[in-house]
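Protein chains in written order, with the working numbering: chain A, 1 to 411; chain B, 1001 to 1411; chain C, 2001 to 2152; chain D, 3001 to 3152.
Hints in this document: simulated from the structure, not taken from any laboratory. Please note that a few of the clues may not be correct.
What the hints assert, rightly or not - Lysine to any residue pairs mimicking SDA-like chemistry, simulated, CA-CA at most 25 angstroms apart:
hint, chain 1, residue 1, chain 2, residue 2
1, A, 378, D, 3152
2, D, 3095, D, 3027
3, D, 3130, B, 1065
4, C, 2059, C, 2081
5, B, 1167, A, 264
6, C, 2130, A, 56
7, D, 3130, D, 3028
8, D, 3095, B, 1085
9, B, 1378, C, 2038
10, C, 2136, A, 67
11, D, 3082, D, 3152
12, C, 2130, A, 68
13, C, 2095, A, 71
14, C, 2130, A, 86
15, C, 2136, B, 1343
16, D, 3136, B, 1190
17, D, 3095, B, 1075
18, A, 378, B, 1343
19, B, 1167, A, 262
20, C, 2136, A, 71
Said to hold, decoys possible - Some residues of chain A that are not near chain B, with every Cβ distance over 10 angstroms (derived):
hint, residue
21, 52
22, 76
23, 98
24, 151
25, 189
26, 240
27, 299
28, 301
29, 304
30, 315
31, 333
32, 334
33, 364
No experiment lies behind these values; they were computed from the predicted model shown. Ideal Cβ placement from N, Cα and C applies to all residues, glycine included.
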Amino acid sequence: MSSYSARRVRGDTPLLGRVINGRPITYLDSASSTLPPRPVIEAMTRYYELRHANVHRGVYQTAVEATDVYEGARAATARFINAPQGLDEIVFTKNTTESFNLLAKSWGAANLTAGDVVLVTEMEHHANIVPWFQLREQTGIEVRFVPVTDDFRLDLSDLDRLLDGVKLFSFTAASNVLGTRNPVKELTRIAHDHGALVAVDAAQSVGHQPTDVVDLDVDFFCFSAHKMLGPTGLGVLWTRAAILESMPPFLGGGGMIADVRVDGYVPASGPTRFEAGTPPIAETAGLSAAIVYLEGLGLANVARHEDELTSDALKRLANEFDGRVRVIGPAENVDRGGVLSLDVDGVHPHDVAQVLDQFGVCVRPGHHCAKPLMRRFKLAATARASFGPYSLTTDTDVLLEALGSAVTMFG
Amino acid sequence: MSSYSARRVRGDTPLLGRVINGRPITYLDSASSTLPPRPVIEAMTRYYELRHANVHRGVYQTAVEATDVYEGARAATARFINAPQGLDEIVFTKNTTESFNLLAKSWGAANLTAGDVVLVTEMEHHANIVPWFQLREQTGIEVRFVPVTDDFRLDLSDLDRLLDGVKLFSFTAASNVLGTRNPVKELTRIAHDHGALVAVDAAQSVGHQPTDVVDLDVDFFCFSAHKMLGPTGLGVLWTRAAILESMPPFLGGGGMIADVRVDGYVPASGPTRFEAGTPPIAETAGLSAAIVYLEGLGLANVARHEDELTSDALKRLANEFDGRVRVIGPAENVDRGGVLSLDVDGVHPHDVAQVLDQFGVCVRPGHHCAKPLMRRFKLAATARASFGPYSLTTDTDVLLEALGSAVTMFG
Amino acid sequence: MANLDDLYREIILDHYRTPRNRGELTSPSAIRTEGFNPLCGDELVVYLDVQDGVIVDIKLTGHGCSISQASSSMMSAAVKGKTVAEARATIDRFKQLMTVHESSLDGQGEAPVADIRTMGELAALQGVVKFPVRIKCATLAWNTLSQGLDEA
Amino acid sequence: MANLDDLYREIILDHYRTPRNRGELTSPSAIRTEGFNPLCGDELVVYLDVQDGVIVDIKLTGHGCSISQASSSMMSAAVKGKTVAEARATIDRFKQLMTVHESSLDGQGEAPVADIRTMGELAALQGVVKFPVRIKCATLAWNTLSQGLDEA
Ligand SMILES: Cc1ncc(COP(=O)(O)O)c(C=O)c1O
Ligand SMILES: Cc1ncc(COP(=O)(O)O)c(C=O)c1O
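Only chain A is shown next, with the shape it has when bound in the complex (with noise of 0.2 angstroms):
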C-alpha cells in the first residue's frame, strides 16, 4: 500500500511521545522489543474490559467470546504467516525461546538420538542454541554449528559435509547482532534435499518483511508477539499439522489434555495439546491487534522504509567519525536488516549506551544473549542500534550526534 507513513506509526505509538532527559525519546531498540501502536493496547484493554473470560469450555457470553479472540488469533496468525492448514498449525507458547524449548523437548526428544546431529549456526540467539545443549545432555545428540565468515554471513562453502547426519537445520532468518538476512528459502530446499527438518528463528524478521512458510517450505517456524508491535507474553510455533499431530506433549497439566484417570492420562490433539493451563488470552487480542496494524502498514513496505533507513544509516556511520566507530555486520546494505551493532574505538558498549541515554537515544549494550556470535568476533558486546516501523531519519540525526559526543568525551 502506498499509503504507509513512518511518521503516522510514531503518532499511533504512545510512547514515542515521552521525553528522556529533556529531549524526545529515539527508539533504537526494537530488536528487543517494539513499540504497540495505540490500537495493539486497546485490543488489550478492551479485551479486560468487556470479553475476559477463560476459554474453552465456556457456555455463557463472555466465554465464548473470550474464546473467539483466541481462535481468532489463531486464524489471524495463521493467515499472517501463510500457514497451508490454518488455525490448526499454530501453537500458542511464550515467547520465541519457549518455542523452542517446546520444539526440542517434544520433537526433538521423540524424534532425535545419540548421534544425531542438529544443525544450528554460530549467529544464533541462546534461544536456538541452549534447548539444543539441554537435549544433548539429555540424549547424546550432536550439535553442530555453521561458522560465519568475516564479513558477517554464514560460510555455506562447507554446508553440504556440515549437514551429512542432520535431522534438523535450525537457523534464524535475520541476526539480532549482525542484521544478517539468512537465505531461509535457499538454505531449506539444500535442508531438504539432504533429508533434514528445517527450523526457521523468525524472532527479527516477521515483523519486518513480509512471510509465508508455504513459499519458505521450512517445518518449523518460531515467533514473538512482542517483536512484531504486539504484547509481551506471547509466541507462536508453526509447524505442518502431520508434523504436529506426531508430536508428543510438552508440558502437562489442564487444557492439554483429552482424559486424565488416577492411573494415567490421554493427551488432546490439535495445538491445544501444547497448550497446558489457562494461555495468554488478552495477549493474543493484542496480537490480533498487531497483525492487522501491520497487515494495514503492508510488511512490503516496511521493509522498504527500513531498508531505506538502513541504507543512509550505514553510509553516515561509515563517513563520520574518523573510522572510530565500526559496525559489527555486513557494510553494504545488501541482504541485512535494520540492525547495527556498533563498536566504538575506546568507548565501552556499557557507556555508549549510557551516554546516548542522556541525548534520549535507547540502544541497548551487551552480547543480545549471542556469546558464540561475540567470541567469533572477539567481542564482549557491542552497543546496537536497531529500527522499527515507526522509525525515521531523524533518528538516525540524533544516534550521530549522540555518538558523536561519546567519541568526544572519551576522546
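Starting from the structure of chain A, add chains B, C and D with the ligands where the hints point.
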C-alpha cells in the same frame, strides 16, 4: 480494613458493567478466572504507553524503568505471600500449570528416582497431576493419591501410611470443584515429620484469603495472576532460596544463562535461571497493581465477605428446588471457599449453563480439569458457580431465579 | 439475539426425555463405535447391525447434554431401516445444516431451506447453529455413525 | 535529573584511560581471583600478594566499561601497601557509598558525607549511585578483592 465494600469493587470492575441478553451480567466464574479492576488494566496500559522495553541489560531510561516494573513485581509478590528471602525466591512463570511443570521437570527430575513417591490428592487439578504422570513415565516414580471422603474432604485416616516413602506431598489449598479448603499448615507439619517436602497449589486461595508461606511452613507454592484480579499470561512459583539455588535449569535460552560457548553453557543463578526468554513484563505491572488493590481491600475482609455469600447461597440452594439441585462439596460452610458445584437432577450441566446464560449468569459446566475427582463422584460434569471480591447476594438471587427456570424447562 | 427456544425445541426435549433406540446390540456381527467429546465430557456408543447394505438395527448408550442426546436419538430414528447410502446422504445433509453461515449468524439471512424441508424432525436441530459452541454437541452422534459405517 | 558529569568525573576517565596496576602476578604465593558480571560481560582478574597481613602487591587484568575499569584501578591504588584489615575497612566503606539511599535518589538528600571525606579519590565514584544500573559495574572489583582476601 473496615472500608471494604464489594459494591465498590464492583464499581471498579469494568466488565461488570456489561449487559448480556438484556440483563446485567452476573459473573459467577471467578474460580476459572477473576475480573481485573480498573487499576490493574490501567497499570498495563500505562506500562505500554510509557515504559515498555525489554528487561535486564538495558541502560537507557525506559529499559531501567521496565526492569524496575518487573523486579518491583517480584518484590511485591514476595511481600504478598511473605516470602522470607524476598524477591530472590519468586520465579515468574506463565501460569500455575507452568509452575508445577517447572517443579516436576527441574526439582522433580533432579531429586526423584524410580520408586520415590509423590503424594497428591484425588481432588487435584490436572495441573498438579499430569506433570507428575509425565515424570513417572520418565523416571518410574510412584504417584499416589490421598482419597476423598463422601463428604468431600481429604480422607486423612490413613495419612501416615500414605506418607511412607513420600519425597513430596503436593496438594491444593482449596479445591476448584468442591470448594473444600485443606488444612495446609497441619498437613505440612505431618508431611515434614515424615521427611517429605510440601508443594501447595494456591491457585484458588491467594486471591481469596491471606497467605503467609512462613506461617504455613510449606516448601513450594504455585499460583496464577489471573485468579487474583491480575492479568493472563503470568504465574508464580515460590520456593525457599536454598532449594531454588539447588534446582537445575528448566527451559533454555536467553536470560537464564551466565555463559554460552559452542561446547556448552553455564546457567545463571537466582530466579532468572528459570525465566528463559523475554518474560511477560506488562503482566507483572498488572500483578503489582492487583496485589496493591487486594491489599487495599484486605484479604481477610475478602475472605469474610465471600464466606457470608457462601453461607447464604448454601442455605438457599438447600431450601429451594425440592432437592433437585445438589451441591457437590461440603454442605456446611466450614473450611470451604465460595465455589459451588451444582448437580441439577435431570438437567445436564451444559444445559444448565446455557439456560443461565439467558439470564446473563456466567457459570462453568464441565469437569473443571479434575477428572479423577469427577470419576470419584461418578459425575461427568458439574455446573460451577464461584464468588469473587465483587460478588453480591443479588448475584445469588439471579442465580436462583435462573436455576428455577432451568429446572422448570427440563421439568 | 439467539433465543433459547430456538435451541430447546419441544421435539428436542422430547427426544432428550424419551430417547429412542437406547441399549446395546450384542450380536457378534454388530459394529460398536465410540464417540467422545473431550470438551464437555459427552460419551456415546453407537451399535450398528448392517446387513446387505441396510442398517437393520441401531442402538445407543452413553451420556451427554440434551442436544447431544436428542441429536443421537433423532439420528437413530432417521437411519434405522435405511440403506448405508441413504444414511450417508443424511449425514451429509445434517452436517450441511450444522455449518455456520456467517450471514445467518448475523441475522442477515437463513441457512438454505431446500434441505430442511426434506429432513423431517431433524430440522428442529437447525436452531443449534445460532449457538456455535453447541454445534459439536449436535454433531457427535453423526460423526460417530459415520465412523461406524466406515467399518461396516 | 542525574547528570552524566556526576558519573564520568575527570578522575574516573583518567583511571579508565590510564589504569593503574595492570598486569599479572606470577609468583607462586600470589592469589588469583576471577570476577564476572554476566549481565554486561565484564571480566576481571585480581592478583594479590599478601605477606604478613599486608597487601604488598596487586595486579589486575580483564575488560569492562569505564566504571568497572576505573573502579578496579582506583581500588588497586587504594589498597596496595595496606594491611588486610585496612583493605576490608575500605571495602566496607565503599560498599556503603554504593548503597542506594532512596532519599538521595529522589534528590531529597545526599548519601552520608562523613565517610566520603576519608575516601580520597574513591569519593569520585559516588555519582554512580545516581545511575543504579551501573552500581554493579563499580562494585565488581571490590567483591572480587573481598573474595581474594578470604582466600589469603
Ligand atoms: C486448583 C487449581 N490449580 C491449578 C489451576 C491451573 O491454573 P492455570 O490454568 O492458571 O495454570 C487452576 C485453575 O484452573 C486451579 O483451579
Ligand atoms: C533472533 C532471536 N531469536 C530469539 C529471540 C528470543 O525471543 P524471546 O526473548 O521473545 O523468547 C530473540 C530476541 O531476543 C531474537 O532476537
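_Violated hints, by number in ascending order, as checked against the structure_ = Violated hints (numbers, rising): 1, 2, 7, 16, 18, 21, 23, 33; every other hint is consistent with the structure.
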